Each structure stands twice: as structure tokens, then as C-alpha cells.
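**Student:** Respectively, the protein sequence lines represent chains A and B.
When the letters of the first sequence are read in order and numbered with the numbering used here, they come out as residues 5 to 355.
When the letters of the second sequence are read in order and numbered with the numbering used here, they come out as residues 4 to 155.
What the hints contain is simulated information worked out from the structure, not anything from laboratory work.
Fair warning: there could be bad hints in the mix.
List time: in silico SDA-like cross-link candidates among lysine to any residue, alpha-carbon distance up to 25 Å [unchecked claim]:
no.	chain 1	residue 1	chain 2	residue 2
1	A	K166	A	G185
2	A	K166	B	A40
3	A	K166	B	E73
4	A	K182	B	A61
5	A	K162	B	G54
Quick caveat: nothing in here was measured; it's all calculated off a predicted structure.
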Amino acid sequence: VDGLVREDAGRGPDVGRFPWLVARLRRGPVHFAGLDELSSEAAIDCNSFARLGISSAIIVPLIDGTRLLGALTFSVQRRAHGRPADLLERLEFVGGIFSGLLLRRRNEVELQKLRRDLTHVGRVSTMGELAAALAHELNQPLTAILTNAQVAERLLDKGVTKPTELREILADIVADDKRAGEVIRRLRGFLKKDPPRRSSLDLNAVIQDVVLLVHSDAIIRNVTVVLDLAPGLPPVHADRVQLQQVVLLEPHHERAGRHARRGGPSSWHRDARQRGRESAGVGQRSGRRSPGGRPAAGLRRLLHDEGPRARHGTLHRPIAHPGARRPGVGAQQRGCRHNIHIHPAPGRAEE
Amino acid sequence: MRPTSNTRSAARPLQLGAMARADEHVPGLVSIVDEDASVRRALRRLIESAGFTVETFASCEEVLHRGFLERPACLVIDVHLGDMNGSQLQLRLTAEGLAIPTIFVTAHDDAVTEGIAERAGCVTYLTKPIDGDVLLDAIRRAVASLPPSSPS
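Sequences and hints are given; from them, build the entire structure.
**Tutor:** So, in C-alpha cells, the structure goes:
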């Protein structure tokens, strides 16, 4: 009985459907050698057992301290069975192992949830830092829209009605409105607190999306972003938001540090050509080697290459990583490193 | 020239009477530096509709390379530009003897940006999105206050 899965589905552990059994399991293992040994309150379950052809069973509770996690049922179908004296003891031992595993699994799930929350928090605080930049990003189209609309009013007020001119103005307004909408769409996608959902992604598109997101942040920090993307990379199987985070956090803190250090214009050169090929290559090779496929290794590689002591292209010397001295930053980065680590892509990723 | 005011509060929309004369050609070149193409187009339309001659630049680099058509009567600069910020450009121009009345526009309404603008001696500091009438008003006042050649 995997009480965990049922509980996650919001229905409570499976054993909850056997009130008589739950009460008895709390006191220790339950066993019966024939359905007639069961009490009358178990009538419904007796019918189920009979339908399944179960004539005798040993049910071992899975217990964590005092908490009943579930139960392990060993049953015999069709024919009655003698019971060796030490069988119960051995089954209880097996039950103990199962309890341990169940507990570990449950803790893992809780930990994953915590980690997801933490990642979300990290993302939100990063967004806080980027808020000013995004205001800029939204303000540009808003400025253009307002100005264009006012120009159109002025032209109409003055009786100047050249359709071509007005049409141009309207076209600009429409385009800028869409641009502002895009900024919001990207932001919303980034902030969503959904469980990771993997899909086939174009790594270059993800990088470009993030670069758009940090565009004005880079400007404020006097950083020029140079992209050198290899065309035609094979798709990567990953969660879009996590991948965006990986791309975002590293250069973001990199830039923050450099800005604080020198304040002068600098350039962040991201060379995805080499790295992208490498990632794809790693994924494909291991994908072929093991059916489990581990293209995630390629993504880790990408991240490591962008890590603290990594060189960013050839335009400048590597600098010490600012995150090392800033609590919180490291945690965020560990968060995304870990996310990629704990969600290895499935075998079909070698597409 | 001291930064007279933060015109966000001081500026008031122009009266319609002033707008009616907007067709007439006003002597004066207004140079715009903004990295956003759409904003440049919109500002050009607006300022041209008020009768000024307009030229636009996408970056400070472009200004330094291409140079102005003539001595601008007024500069409209986005404080945050990719290559060099607007105040740096303005300081550089001033250093080269081109003290041009400057209107800074910014998408960042914060004390730091305002400080930068004030130190650079801008005439007016406007926050995006800018109201067209406020900007035109600021330009007209900047052009009118243009000192013959005193870089005070």
C-alpha cells in the first residue's frame, strides 16, 4: 500500500477505507487464516476478499513512530496455507524496510515541494531586482503609444488628415501595444509557481527570451550582451522556466558583481555555440548508451560552464564570483542546479 | 546653468492657443537620442508637428560619430542608453564647448537617476511615459532660454 500516492491525490491513505483494519493495525500485525475469522464489521471487505479469492492474509502495519503510514498485505489465494512460526516476524522485518522507504520517499516529495517554493522565492527576489529594468521595458512602448496617440490628435485637431501618416501612426501604436503585452507575458511565465513541466525546447529561443527580459537591466548596468548562438541545435528536453532561470541567474549575478566592481562599460559575452553543441552532444551520447537517457548532463554542463570561475568568451578576464559572498544568491543558484539535477530528462529526450 | 526645476511638478499643459501656432516653422533643431526606434519615430512626429526640425540618434556613439546637423537648440536624451549614459554624453559635449539645453527623459523615476540628471545640468527631467504637451512645453522653454554661448 503506497499511502503516499493516495494521500497526494487528496483521498487519504488506502487503509482509511478499512476502519476495522486501521484500528487493529495500530496494535500490531493482523492475520487471518479464513474469512470467517474476520469480525462482522469487515463484512464489506470480506466480500471483496472473497471476490479476489483471498482466503488468508498477513497484514503488516507500516509505522513511523506512532503514525500509521500504510500496510503491507501478504495474502494467499484459493488455498489455505500453513504458517511457519517465524513468518510473521520476518514479514514484520520486511514491513520495517518498506516503512523506511516510504518515509524517505515522502520526505523527498516534501523536500521537492520546499525546493520548488524556494526556487520560486528566488525567482521573485530576482524579479525584484529586475523590476526597475522591466519598468523601463514597459515604459518604452507606453511612451511611444502615448506620444503617437497625441500626435494623431494634434493632426486631427489641425485638420491635417493624411491617411498614410495616420495609418503609420496607428500601425506603430498597435505594434507597441503588442510589445508591451509580450513583456508582461514573459514576466508572467517566469513567475508562475507551477511544478516543472518538461517539453522539447529550443535552447537558443530560451536564451533569447531571457536576454529580452534582462535587456534594460543590462543597459542600466552598462553591459553589452553579445549572443553568439549556434544555429540548428537539436531540441533540449527540459522545463522552460527552470532553464530560463539558469540562463538568467548566472549572468545576472555576474553582471551585478562586475557592475559593483568597476562600474564601467563591460561586455557579457555568451557563447552558446561551443557550449550548446557540447550539451547536445553529451545528451545524445548518453541517451544512446542508457535507455534512461541523461541529456540533463548536458544542461548541467551548460550551467557549470557559466559558473563562478568560468570564462565568458574571450573578451574579458574571468572574475571572482560575487555570489560566494552574498548569502541567498548561492542558494538560488544551488536551487536551479539542483532542479536540473533532480529532474533528469527521460529517454525520449535524445530526439 | 543650474537645473531650474523638476518640471514634473512645474510643467503644465500648453493652452490651445499655443498649439494653434504649432504649424509654423520654428527655427531650431531638436536632437533626440533614444535607443528605442519606435520612441524615436513617435518623438520625431510630435516635435515636428510643433514646427521644429528634428534629427534622431540611436546611441551616444552615433552622436559622436555622425555629429549634429547644426548646433541643436535643444537635446532630448534618454538617460539610460546602451553605450554611454545620457549624462556622460552631455558632459562630454559641454566639455567640447557645446553647452546645449538638455531635456533628460527616463523610464526610471528614482532619486539616483534624478541626481545624475541634475549633476549633468539638465534643464528638465521628465519621466516616461511623457505627456506630449509637457515635452513640447519643456522644449520651447529650453530653446527660448538658450544662452548665446555662455556655458555657465
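**Student:** Please go over all the hints and tell whether each is borne out by the structure.
**Tutor:** Okay, the hints, checked on the actual structure:
1. A/K166 <-> A/G185: 29 Å, violated
2. A/K166 <-> B/A40: Roughly 22 Å separates the two Cα atoms, so the pair holds.
3. A/K166 <-> B/E73: Distance ~30 Å between A/K166 and B/E73 Cα, so the pair is violated.
4. A/K182 <-> B/A61: 22 Å, holds
5. A/K162 <-> B/G54: Judged against 25 Å, a Cα distance of about 13 Å means the pair holds.
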